[in-house]
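With the hints as extra help, turn the sequences into a complete structure.
So the sequences go chain by chain: P and E. For what it's worth, the numbering used here labels the leading residue of the first sequence as 1, then goes sequentially. For what it's worth, the numbering used here labels the leading residue of the second sequence as 1, then goes sequentially.
No lab work stands behind these hints: they were computed from the structure. Be aware that one or more of the hints could be misleading.
Claimed, not checked - Derived list of chain E stretches under chain P, where covered just means 3 residues or more per stretch with a C-beta under 8 angstroms from a C-beta of chain P:
1. 19–28
2. 73–84
3. 173–184
4. 202–208
5. 237–246
The model shown is predicted, which means the values in this text are computed figures rather than measured ones. Backbone N, C-alpha and C define an ideal beta-carbon position, used for all residues, glycine too.
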Amino acid sequence: MINAQDRLWQRVTTAIPYLWLLVFFLAPFAIILKISFADPVIALPPFTPFFDDEGKPDATISNYIFLLTDKLYIVTYLKSVFMAATATVLCLLLGFPMAYGIARAESTTRNILLLLIILPFWISFLLRVYAWMGLLNNYGVINNALLTLGIVDQPLQLIYTDFAVYIGLVYSYLPFMILPLYATLERMDPDLVEAAQDLGASPSQAFRDITWPLARPGVIAGCLLVFIPAMGEYVIPYLLGGPDSMMIGRVLFDEFFVNRDWPLASSVAIILLVLLVVPIVLLQRSQSRDLETT
Amino acid sequence: MRKRGSRFTLSVLAFGYAFLYIPLVSVIVYSFNDSRLATVWGGFSTRWYGELLRNEQVLDAAFLSLRIAFVTATLATVFGTMAGLALARFGRFRGRTLFSGMITSPLVMPEVITGLSLLLLFVSLQQLIGWPAQRGFSTITIAHTTFAMAYVTVIVQSRLSAMDESLEEAAMDLGGRPLRVVFDITLPLIAPAMIAGWLLAFTLSLDDLVIASFVSGPGGSTLPMLIFSKVKLGVTPDINALATLIIAIVTVGVLIAWSVSRYAHRRL
Numbered sequence: 001m002i003n004a005q006d007r008l009w010q011r012v013t014t015a016i017p018y019l020w021l022l023v024f025f026l027a028p029f030a031i032i033l034k035i036s037f038a039d040p041v042i043a044l045p046p047f048t049p050f051f052d053d054e055g056k057p058d059a060t061i062s063n064y065i066f067l068l069t070d071k072l073y074i075v076t077y078l079k080s081v082f083m084a085a086t087a088t089v090l091c092l093l094l095g096f097p098m099a100y101g102i103a104r105a106e107s108t109t110r111n112i113l114l115l116l117i118i119l120p121f122w123i124s125f126l127l128r129v130y131a132w133m134g135l136l137n138n139y140g141v142i143n144n145a146l147l148t149l150g151i152v153d154q155p156l157q158l159i160y161t162d163f164a165v166y167i168g169l170v171y172s173y174l175p176f177m178i179l180p181l182y183a184t185l186e187r188m189d190p191d192l193v194e195a196a197q198d199l200g201a202s203p204s205q206a207f208r209d210i211t212w213p214l215a216r217p218g219v220i221a222g223c224l225l226v227f228i229p230a231m232g233e234y235v236i237p238y239l240l241g242g243p244d245s246m247m248i249g250r251v252l253f254d255e256f257f258v259n260r261d262w263p264l265a266s267s268v269a270i271i272l273l274v275l276l277v278v279p280i281v282l283l284q285r286s287q288s289r290d291l292e293t294t
Numbered sequence: 001m002r003k004r005g006s007r008f009t010l011s012v013l014a015f016g017y018a019f020l021y022i023p024l025v026s027v028i029v030y031s032f033n034d035s036r037l038a039t040v041w042g043g044f045s046t047r048w049y050g051e052l053l054r055n056e057q058v059l060d061a062a063f064l065s066l067r068i069a070f071v072t073a074t075l076a077t078v079f080g081t082m083a084g085l086a087l088a089r090f091g092r093f094r095g096r097t098l099f100s101g102m103i104t105s106p107l108v109m110p111e112v113i114t115g116l117s118l119l120l121l122f123v124s125l126q127q128l129i130g131w132p133a134q135r136g137f138s139t140i141t142i143a144h145t146t147f148a149m150a151y152v153t154v155i156v157q158s159r160l161s162a163m164d165e166s167l168e169e170a171a172m173d174l175g176g177r178p179l180r181v182v183f184d185i186t187l188p189l190i191a192p193a194m195i196a197g198w199l200l201a202f203t204l205s206l207d208d209l210v211i212a213s214f215v216s217g218p219g220g221s222t223l224p225m226l227i228f229s230k231v232k233l234g235v236t237p238d239i240n241a242l243a244t245l246i247i248a249i250v251t252v253g254v255l256i257a258w259s260v261s262r263y264a265h266r267r268l
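In structure tokens:
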């Protein structure tokens with residue numbers, strides 16, 4: 001049935017995006033890896049070549065030794081993991097009841113509620129973070145309101161704190177949590193919970209034994225979709241965070257643009273990637289399972 | 001018992017939507033503030049909109065961003081549809097696992113890593129083959145296409161896996177050649193997914209700051225890069241006006257798309 005010409009067409013259709021991704025997605029990682037073993041020099045480009053003039057490899061692991069022994073970098077990595085994880089939990093706590101409420105709403109209301117979740121996603125991410133700057137400023141909307149109402153007599157320090165970074169992270173990534181959760185909860189038969197309760201289960205038992213296990217694929221997907229990009233976040237800690245809300249994405253950006261140390265920035269990126277390999281593989285699995293079951 | 005549960009859900013919903021929308025409303029309100037001090041109300045005015053539309057730097061950056069987004073969305077839709085077809089319809093082929101890995105990873109890859117890796121690629125290529133001689137429009141477009149096509153692929157692929165294959169099989173049984181079946185049956189059926197993918201790719205490209213900052217060269221300043229350089233210094237009224245314009249355009253666009261799709265559904 002499939003003749004040579006059709007097979008050729010299938011090959012070409014596969015090969016074009018495949019090659020594009022090999023060149024522009026996979027190959028760059030090999031280059032990052034290579035440059036992470038170089039020394040910075042004042043030249044263009046600002047790093048030593050991998051092979052010296054005689055063709056011998058001229059690699060150094062000094063960048064990695066520096067990163068893994070310098071307290072500042074270790075603390076920053078740990079803090080990034082902690083902040084991304086906390087933001088993920090906060091997204092789940094807020095997103096789960098919201099997704100549940102949307103999935104149980106009547107179909108017209110449900111469509112509108114979903115639309116309202118997706119809408120901010122289409123509005124510039126940068127401008128949405130910027131909107132919070134106006135709210136959290138020392139003389140911003142929130143502090144003005146608190147001062148006028150007489151609740152405080154000094155403006156609260158809201159912006160340039162970890163608190164502001166959490167707000168920014170939850171605000172930006174909440175739709176990524178709600179949408180996969182909604183997708184699993186919407187498929188769930190509400191009669192199951194009712195049946196469990198009729199048989200004497202308390203609401204919390206029904207939630208623990210019925211709703212939660214059935215929602216778990218969505219929980220896993222949502223958590224990974226929030227955690228992984230949040231780990232490397234640059235804009236939110238830069239605009240809303242204080243001097244000690246250093247996240248690794250910001251360190252990488254500064255190493256590159258401010259200190260112009262390309263090899264060190266590359267090794268920062270490689271270590272970040274190593275930290276993210278497990279979550280990315282997990283996401284991969286949950287994604288392909290999802291596509292097979294639908 | 002159930003009533004209390006639903007009251008809890010309702011209050012979380014109300015809180016969640018307030019959380020999502022209060023910042024946007026506040027930006028819109030303050031964009032009409034006459035005062036230069038962005039936090040003090042100085043009366044109603046539209047002067048920041050006028051200043052914005054006379055600011056050539058902003059207009060140039062917006063035009064560059066729109067051009068990049070248009071080319072990106074088109075390339076990403078072509079490549080993404082091809083990749084979606086390959087993953088959903090061509091069965092197993094050698095290197096499929098790597099392929100689907102390269103599709104999923106850009107979706108979540110932190111932007112700093114994607115940006116840095118692509119810049120290093122462009123610098124290395126320039127040393128090796130002399131291309132790209134300059135960084136700007138073309139390098140940003142390539143970078144954006146690479147991550148945007150992943151989104152298009154996922155949309156197209158999930159549409160294809162949700163779709164009944166029997167139409168395509170019937171066409172084949174009636175003697176339709178696979179290539180013709182794709183063009184006559186499959187593509188028209190997944191056209192809505194392709195349009196959604198195009199729009200998403202367009203928005204993602206228009207929105208990106210971090211990757212563009214890495215792969216752009218001197219002079220190639222996109223709209224987000226310009227906004228960021230202003231916003232770094234604090235809240236400014238003309239950015240409020242710009243944000244309001246973008247919110248208005250997006251809202252109108254999404255509402256139109258939504259009512260069109262509802263109308264189409266009702267007719268079916």
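Against the structure, the hints come out as follows:
1. Counting residues of the region 19–28 of chain E whose CB lies closer than 8 angstroms to any CB of chain P gives 8, which reaches the minimum of 3, so the coverage claim holds.
2. Interface restraint, the region 73–84 of chain E with chain P: holds (4 residues with C-beta to C-beta distance below 8 angstroms; minimum three).
3. Given as covered by chain P, the region 173–184 of chain E passes the check, having 3 residues with a CB less than 8 angstroms from a CB of that chain where 3 are the minimum.
4. Counting residues of the region 202–208 of chain E whose beta-carbon sits less than 8 angstroms from any beta-carbon of chain P gives 3, enough to reach three: the coverage restraint holds.
5. Counting residues of the region 237–246 of chain E whose CB lies closer than 8 angstroms to any CB of chain P gives 5, which reaches the minimum of 3, so the coverage claim holds.
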